[in-house]
Each structure stands twice: as C-alpha cells, then as structure tokens.
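J.: As you go down the protein sequences, you meet chains G and U in turn. Residues in the first sequence are numbered consecutively from 1, following my numbering. Residues in the second sequence are numbered consecutively from 1, following my numbering.
Any given hint might turn out to be false.
[What the hints assert, rightly or not] Pairs of lysine-lysine, DSSO-like flavour, derived with a Cα cap of 27 angstroms:
no., chain 1, residue 1, chain 2, residue 2
1, G, 75, U, 75
2, G, 63, U, 23
3, G, 197, U, 142
4, G, 10, G, 141
5, U, 226, G, 10
6, U, 27, G, 142
7, G, 141, G, 101
8, G, 63, U, 22
9, U, 63, G, 23
10, U, 226, G, 63
11, U, 10, G, 101
12, U, 75, G, 10
13, U, 27, G, 170
14, G, 22, U, 142
15, G, 321, G, 299
16, U, 10, G, 196
17, U, 101, G, 10
18, U, 10, G, 75
19, G, 226, U, 75
20, G, 27, U, 63
21, G, 10, U, 142
22, G, 10, U, 170
23, U, 27, G, 10
24, U, 196, G, 10
25, U, 75, G, 22
26, U, 23, U, 101
Don't read these hints as lab results, they were simulated from the structure. Remember, predicted model here, so these are calculated numbers, not experimental data.
2 protein chains.
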Amino acid sequence: MQAWENNIRKVVPYVPGEQPQKKDIIKLNTNENPYPPAPGVVAALQHMDMDLLRRYPDPTAGKLVDAIAGFYGLKSSQVFVGVGSDDVLAMAFLTCFNSDKPILFPDITYSFYDVWANLLRIPYEVQPLDENFKICADDYKKENGGIVFPNPNAPTGVLKPLDEIEDIIKANPDVIIIVDEAYIDFGGVSALPLLKKYDNLLIAQTFSKSRSMAGMRIGYLLGNEKLIRYINDCKYSFNSYTMNQTAIAAGVAAICDKEYFRTCTQKIIDTREWAKEQFTALGFCFEDSMSNFVFVRHKDYPAEELFEMLRKADIYVRHFKKPERISEYLRITIGTRDEMEKLFAVLKQYITR
Amino acid sequence: MQAWENNIRKVVPYVPGEQPQKKDIIKLNTNENPYPPAPGVVAALQHMDMDLLRRYPDPTAGKLVDAIAGFYGLKSSQVFVGVGSDDVLAMAFLTCFNSDKPILFPDITYSFYDVWANLLRIPYEVQPLDENFKICADDYKKENGGIVFPNPNAPTGVLKPLDEIEDIIKANPDVIIIVDEAYIDFGGVSALPLLKKYDNLLIAQTFSKSRSMAGMRIGYLLGNEKLIRYINDCKYSFNSYTMNQTAIAAGVAAICDKEYFRTCTQKIIDTREWAKEQFTALGFCFEDSMSNFVFVRHKDYPAEELFEMLRKADIYVRHFKKPERISEYLRITIGTRDEMEKLFAVLKQYITR
Numbered sequence: 001m002q003a004w005e006n007n008i009r010k011v012v013p014y015v016p017g018e019q020p021q022k023k024d025i026i027k028l029n030t031n032e033n034p035y036p037p038a039p040g041v042v043a044a045l046q047h048m049d050m051d052l053l054r055r056y057p058d059p060t061a062g063k064l065v066d067a068i069a070g071f072y073g074l075k076s077s078q079v080f081v082g083v084g085s086d087d088v089l090a091m092a093f094l095t096c097f098n099s100d101k102p103i104l105f106p107d108i109t110y111s112f113y114d115v116w117a118n119l120l121r122i123p124y125e126v127q128p129l130d131e132n133f134k135i136c137a138d139d140y141k142k143e144n145g146g147i148v149f150p151n152p153n154a155p156t157g158v159l160k161p162l163d164e165i166e167d168i169i170k171a172n173p174d175v176i177i178i179v180d181e182a183y184i185d186f187g188g189v190s191a192l193p194l195l196k197k198y199d200n201l202l203i204a205q206t207f208s209k210s211r212s213m214a215g216m217r218i219g220y221l222l223g224n225e226k227l228i229r230y231i232n233d234c235k236y237s238f239n240s241y242t243m244n245q246t247a248i249a250a251g252v253a254a255i256c257d258k259e260y261f262r263t264c265t266q267k268i269i270d271t272r273e274w275a276k277e278q279f280t281a282l283g284f285c286f287e288d289s290m291s292n293f294v295f296v297r298h299k300d301y302p303a304e305e306l307f308e309m310l311r312k313a314d315i316y317v318r319h320f321k322k323p324e325r326i327s328e329y330l331r332i333t334i335g336t337r338d339e340m341e342k343l344f345a346v347l348k349q350y351i352t353r
Numbered sequence: 001m002q003a004w005e006n007n008i009r010k011v012v013p014y015v016p017g018e019q020p021q022k023k024d025i026i027k028l029n030t031n032e033n034p035y036p037p038a039p040g041v042v043a044a045l046q047h048m049d050m051d052l053l054r055r056y057p058d059p060t061a062g063k064l065v066d067a068i069a070g071f072y073g074l075k076s077s078q079v080f081v082g083v084g085s086d087d088v089l090a091m092a093f094l095t096c097f098n099s100d101k102p103i104l105f106p107d108i109t110y111s112f113y114d115v116w117a118n119l120l121r122i123p124y125e126v127q128p129l130d131e132n133f134k135i136c137a138d139d140y141k142k143e144n145g146g147i148v149f150p151n152p153n154a155p156t157g158v159l160k161p162l163d164e165i166e167d168i169i170k171a172n173p174d175v176i177i178i179v180d181e182a183y184i185d186f187g188g189v190s191a192l193p194l195l196k197k198y199d200n201l202l203i204a205q206t207f208s209k210s211r212s213m214a215g216m217r218i219g220y221l222l223g224n225e226k227l228i229r230y231i232n233d234c235k236y237s238f239n240s241y242t243m244n245q246t247a248i249a250a251g252v253a254a255i256c257d258k259e260y261f262r263t264c265t266q267k268i269i270d271t272r273e274w275a276k277e278q279f280t281a282l283g284f285c286f287e288d289s290m291s292n293f294v295f296v297r298h299k300d301y302p303a304e305e306l307f308e309m310l311r312k313a314d315i316y317v318r319h320f321k322k323p324e325r326i327s328e329y330l331r332i333t334i335g336t337r338d339e340m341e342k343l344f345a346v347l348k349q350y351i352t353r
C-alpha cells in the first residue's frame, strides 16, 4: 500500500444492478417503465436549439423547476432538482443528516441508504419491518438524527397509509423526515399535502419510473422553502451545473404531458393488478404492492432456481440474496401486458410441468 | 430558527456566474467556446435510439470512458467521468483529501476549491501567487494533506511548465496532487506523461471549454488504475448513474472528431494571440495567457468602469471584485474573431475618446 492511500476515503463499493447489453430480452429487473417517454420528450430533444450545447445551462434549471412546481401546485422555491433521485437524496443526506444521533431507516429498504450513511459518516440504526414487511411507526419514535424511508417501500412494494406517515413526522419535529416516493405514482397516496403542516418533511421523487426517463437522470425534492434553500446552498457548493441542457428540455416536455403520464401509469397499475392474480394462481405469495413491481416468493420453488430458470429464458428479474429474510423473494418489474404474459407462460410451464 | 435546523450543514452559498438570458449579446464572461460542438455531436443527439431514454444508462458510461481513454492512449480503468469537471473534482476532494493536515492551493485560483473544502470540512491553506501571478513550487513543499491547482491557472491564464509541476509532485509522494487542466487544450502542455511516473497524480479535464460542450456537463479525471478505482468506489456510493444517455452519446461523438477539435482550438489560440496585441495597443497589461481567456488590467481605467461600460454595450466580461489584489482585472473569454473585433471597437472608442 502506498502512503497516499492513508488519506483515501475507503468505502465498500456499491455494485449497481445488472444492465444486460443483450437485445431481445424481457427486462424486469430494474423497475424501468416499459413504455417510452411522452412524445413531446423526443420532439424536445430532436428540435433543441443546438447552440445551447456550448453554453452553460441555467444552474437553477429554472424551467424544469417551474414545470415541476406547477404540476404539484407548489412554489418554485419548494422544488430542488438533481441527477436522478440518488443525486437529490445524497444531497439531502449531506445537507440534513448532520447529527451525532443515528438516522433511522428500515432494515429492508432501498439499498442506498446505508451506503450514503457509510460514505458520509452518518451514524444509523436500522429498524426491522414487521412480519408482513410493514414499517412500524413506533420504531421511529426514539431519539434520532433524521428519518428516511420509501413509500411504497422497496423492494417490498408495501404502501404506508398517510395517517401513519403523519404519525411519524409529528413525533419527530426536530429532525428531517425524508419520504422517498420513487414509486408513488402507481396508485399510492403522496405525502404532498403534509408539506403545508410540517416544515421538516422532504419528499423525493423521480422521472425514472412513472415518467419513463431513467436514461435522462432526473430526480427532485419537494419541501418547504427554507429547507430547499439549505439543500441548494450545499448543492451549489458541490456542483453548480448538474442538469444538462437535454435533461432540462426533456424534463419540461415530460411534465407538460399530463394525459400521457396518467394513461401510462394507469396501464401499469392495470397490468400489475392482473399480474397479481396470475402470481397467486401459480402459487406465489406476496404482500400487496402499490408500485411498478411485485415482490414474490413461491411456496415450493427456491428464488434462486426460478431466477436462473427465467434468465435462461431471457427474462431478467431481480434477486436480492441478502438479507436472508428476503433471500427467497424475487422482485419483478411490471412490464407490458405482452411481456408479463410471456413471463407467466414460462413460469407456468416450469411450475406445472 | 426551528430545532431541525441544528442538524443542517450550513455553507456560505456559492453564487454561480451570471448567465444572461438576453439574446444578441457578446458573452465573454464564462469561458464558453464560441464555436458549436463537432457536427457529429448534434447528429448523435438527433439520431439517438430514443428507447434508451426509458432505460438506465450504463453506470460506468463505458463507451464514453473508452473513447476518452483511446484519445489519450490510456487504459479505460485510468479514466473517471462525471457531470462536468466540478463533479469529478468534488468527487476527487471527497475521496482523496481525508487528512487532518491542510490541503494546499493558490490564493488566486478557481473559486471552487475553498468552497469544496468548506463543504466537506477539509482543512486548507492558501499559498499566495508571486507578483507575476506565478505559482511558486517551494510553497508546496510543506506538510500537507493534498494539493490542487489549475494549469493554466484561472483566472490568470498563466501556465506552469511541466518540470515545475513535476518538482511539486516529486516533493509530495504521500498525498494526491490534482492538476486541474480545464484550459490545457489552448496551447498548454499536459501533465499526462507524468502519469506513468507518479501514481499520486490526478489530472482533471472537461468538455466545457475546448470541446464546446458546457451545456452537456462532461468532465473527467485521468490517473492510475488504483486511484481511479478508489474514486469510482466513492462515486458509486454517492450516485451510480450520473451520465445520462444523451451525455454519453454526445461525448463519444465529440471525442471521435479529432480534426474538428484541433481546428477549433487552433482558431481560439490564433484569435487569442491577435487579441493580446490589441489589448497591449489599447494600454492593457496582462500576464501571458495560455487559456481561452485573458486576464487584463488597464493602466488608466478602473476595471469596474470598463466592466459597466462594456455591459451597457451588451458585451459581458467577468469582474472578480475580490480579492483586492485582482480587483482591477477583467477576465475576458476569447470569442470569435468577429466578437473580439466588436469588443476592441467599443474599448477603443471609450479609451481614446
């Protein structure tokens, strides 16, 4: 080891999920949207003023911020945008979680929370989900330096009702509560109305799932003006110009097409509800999912075996081997009806052979 | 003040440079390239496979990394890419500057170094430039936790010869030395050949200046494989998917067109050398610049006065009021020959009236 390595921040490297380059596969492993972005998005990119490429973008990404604020009926000063929800969550962790007390989040949840905490040296304590994969509000009523959880939770898909979320926020007026709503648009109820009552609430959302734009990297935070200003202060001290010209143009176009958004998310919800029936009929168990994926376990077949079998059939799903509690589950993204029919055909043939 | 504000990381907000929305101005204030990106860049965006938009990008941005590595004759494992050079520098600070000893950088330099140090709580000590705005190698031979400086330096434009840079690196084997080469392509000599000899050297470059792509936010680091791996580990723990599909596609297209790159940078160098003569003829003083800007002071006219006069004529240049040592200087980006002729016409009329 060289001497200079002593000063290096060492972390256990996070390994991003597999992105197979193979074509003609059914890709149900990373919760992407099976439908293309709104038609206006492609048009916005193709007809963009190309002279913008050589110019620095607006560091406030004002047009995109305004569009998002307009969509939710908020002030623009209540919106923070970044390079995917990972960027805005990392910036929220950096800005808001500066206590010596541990932050709290579920044991089974988005796998980045502990990664950020480790990187940024934020103490944390995980709170176990109950036996039905539910977040217990009482676990979040102890002394802490902040709270973060997804709603619906990932990878379980389980939605927490708004009154239980309010219960947690109400019990913790002195810290920031981040509700990570990456999957909220698939039938969940957003904590948005609570922003009026609680100035320590921060909501994270993303264009990656419900707006079919994982490839453009756009995420955002909604919160009260003062809190958003603090986060912007840190962001401007880290990287002023995060949103490139294409992301701003494409993002605005996506937000503007409310009808396309509504239609696409409804199609996914419909396919999911139908898929739940198929999973049940094939002997799978799962908690009710309100996201664009289901988290299923088969009563007879090990997850690993089904995962490998599907992979051989060019159907990619996600298998989290750890922790052991979820090692028998598969997280399966809701694709198009056609893709799901192919999935069930392969599963049926294997399970009932 | 609410109780939750106690846990907020508070920073003096960095204020990004002015981006006037007004059209038909001559914009010489942010060191953008006056020429459009390579023709292949526009084509790459317009003909992009739009199905990529809904898919997560390759987290390694492999195609872009390979293209950059190929351009410099390095291994792909020696290249780290990010959202502009600010992103890659911030990630390098976070990863590499974890000592209790202060990092060292010049007193007059890129204004983000102290901002990152403050945000990330890295101790630092600034080293004054000499009276000719030169970095004195001997100032960097004291105990430190790392070193960073731009070459050519900004906003002075002064280039440090390679042997003096090697002198600094050689004297500091136990820390990381970042040479920020944002402006190196305008006639400077890169520290690239030193990578073979020193494994603690990190070079930062950007697509924003010499590749006319400030709007796409692409920056990169070049270093030894082990060091790049450490930085990638931290990056994957902060935000795995930073480069969106359009940035990857556009970046690859830009790198591929070597001839366009050579022609454009040469045009800017030629205009700069001609502009130096004009500045001298009009009574301006300056150190020799090897970047795409000149840092000038007039022997009779205050900087503030010239700045305001030019602004009224719709010509935007940059005036750093602080520190006092440079308060009488203007940083003027090299535009097209036509833009510069207009600048000199306005200056001449004012100065010789």
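J.: Run every hint past the structure and note whether it holds.
T.: Structure-based check of all given hints:
Between residue 75 of chain G and residue 75 of chain U, the direct Cα distance comes to roughly 47 angstroms. Violation of the 27 angstroms bound is thereby established for this hinted pair. Restraint check for residue 63 of chain G and residue 23 of chain U: the C-alpha separation of about 17 angstroms stays at or below 27 angstroms, so the hint holds. Taking the CA atoms of residue 197 of chain G and residue 142 of chain U, the gap is near 54 angstroms; set against the 27 angstroms cutoff, the hint is violated. Straight-line distance between C-alpha atoms of residue 10 of chain G and residue 141 of chain G comes to about 32 angstroms, which puts the hinted pair past the 27 angstroms bound.
At most 27 angstroms may separate the alpha-carbon atoms for a hinted pair to count; residue 226 of chain U and residue 10 of chain G meet this at roughly 12 angstroms. At most 27 angstroms may separate the alpha-carbon atoms for a hinted pair to count; residue 27 of chain U and residue 142 of chain G exceed this at roughly 55 angstroms. At roughly 13 angstroms between alpha-carbon atoms, residue 141 of chain G and residue 101 of chain G fall within 27 angstroms of each other, so this suggested pair holds. At most 27 angstroms may separate the alpha-carbon atoms for a hinted pair to count; residue 63 of chain G and residue 22 of chain U meet this at roughly 16 angstroms.
Taken as a hint, the residue 63 of chain U and residue 23 of chain G pair is honoured in the structure, with Cα atoms around 17 angstroms apart against an allowance of 27 angstroms. For a cut-off of 27 angstroms, the pair hint linking residue 226 of chain U to residue 63 of chain G is broken: about 41 angstroms separates their Cα positions. Between residue 10 of chain U and residue 101 of chain G the CA atoms are separated by roughly 18 angstroms; this keeps the pair inside 27 angstroms, and the hint holds. Annotation: proposed proximity of residue 75 of chain U to residue 10 of chain G holds, straight-line Cα distance about 23 angstroms (limit 27 angstroms).
The hinted pair formed by residue 27 of chain U and residue 170 of chain G fails the criterion: a straight-line CA distance of about 51 angstroms is larger than 27 angstroms. Taking the CA atoms of residue 22 of chain G and residue 142 of chain U, the gap is near 53 angstroms; set against the 27 angstroms cutoff, the hint is violated. With a CA separation close to 17 angstroms, the supplied pair residue 321 of chain G and residue 299 of chain G stays within the 27 angstroms bound. As the CA atoms of residue 10 of chain U and residue 196 of chain G are separated by approximately 24 angstroms, the hinted pair is consistent with the 27 angstroms bound.
For the proposed pair residue 101 of chain U and residue 10 of chain G, the alpha carbon gap of about 18 angstroms is at most 27 angstroms, so the pair holds. As the CA atoms of residue 10 of chain U and residue 75 of chain G are separated by approximately 23 angstroms, the hinted pair is consistent with the 27 angstroms bound. A C-alpha spacing of about 46 angstroms is found between residue 226 of chain G and residue 75 of chain U, which places the hinted pair above 27 angstroms, so the restraint is violated. Between residue 27 of chain G and residue 63 of chain U the alpha-carbon distance is near 21 angstroms, which keeps this suggested pair within the 27 angstroms criterion.
Distance check on the hinted pair: residue 10 of chain G and residue 142 of chain U sit about 25 angstroms apart at the alpha-carbon level, within 27 angstroms; holds. Distance hint between residue 10 of chain G and residue 170 of chain U is fulfilled; the C-alpha atoms sit about 25 angstroms from each other, no more than 27 angstroms. Taken as a hint, the residue 27 of chain U and residue 10 of chain G pair is broken in the structure, with Cα atoms around 42 angstroms apart against an allowance of 27 angstroms. Restraint check for residue 196 of chain U and residue 10 of chain G: satisfied, since their Cα atoms lie roughly 24 angstroms apart, inside the 27 angstroms limit.
For the hint linking residue 75 of chain U to residue 22 of chain G, the alpha-carbon distance of about 25 angstroms falls within 27 angstroms, and the restraint holds. Note on residue 23 of chain U and residue 101 of chain U: the hinted pairing is violated, with a Cα-Cα distance of about 48 angstroms set against a maximum of 27 angstroms.
Violated hints, in rising order: 1, 3, 4, 6, 10, 13, 14, 19, 23 and 26; the structure is consistent with all others.
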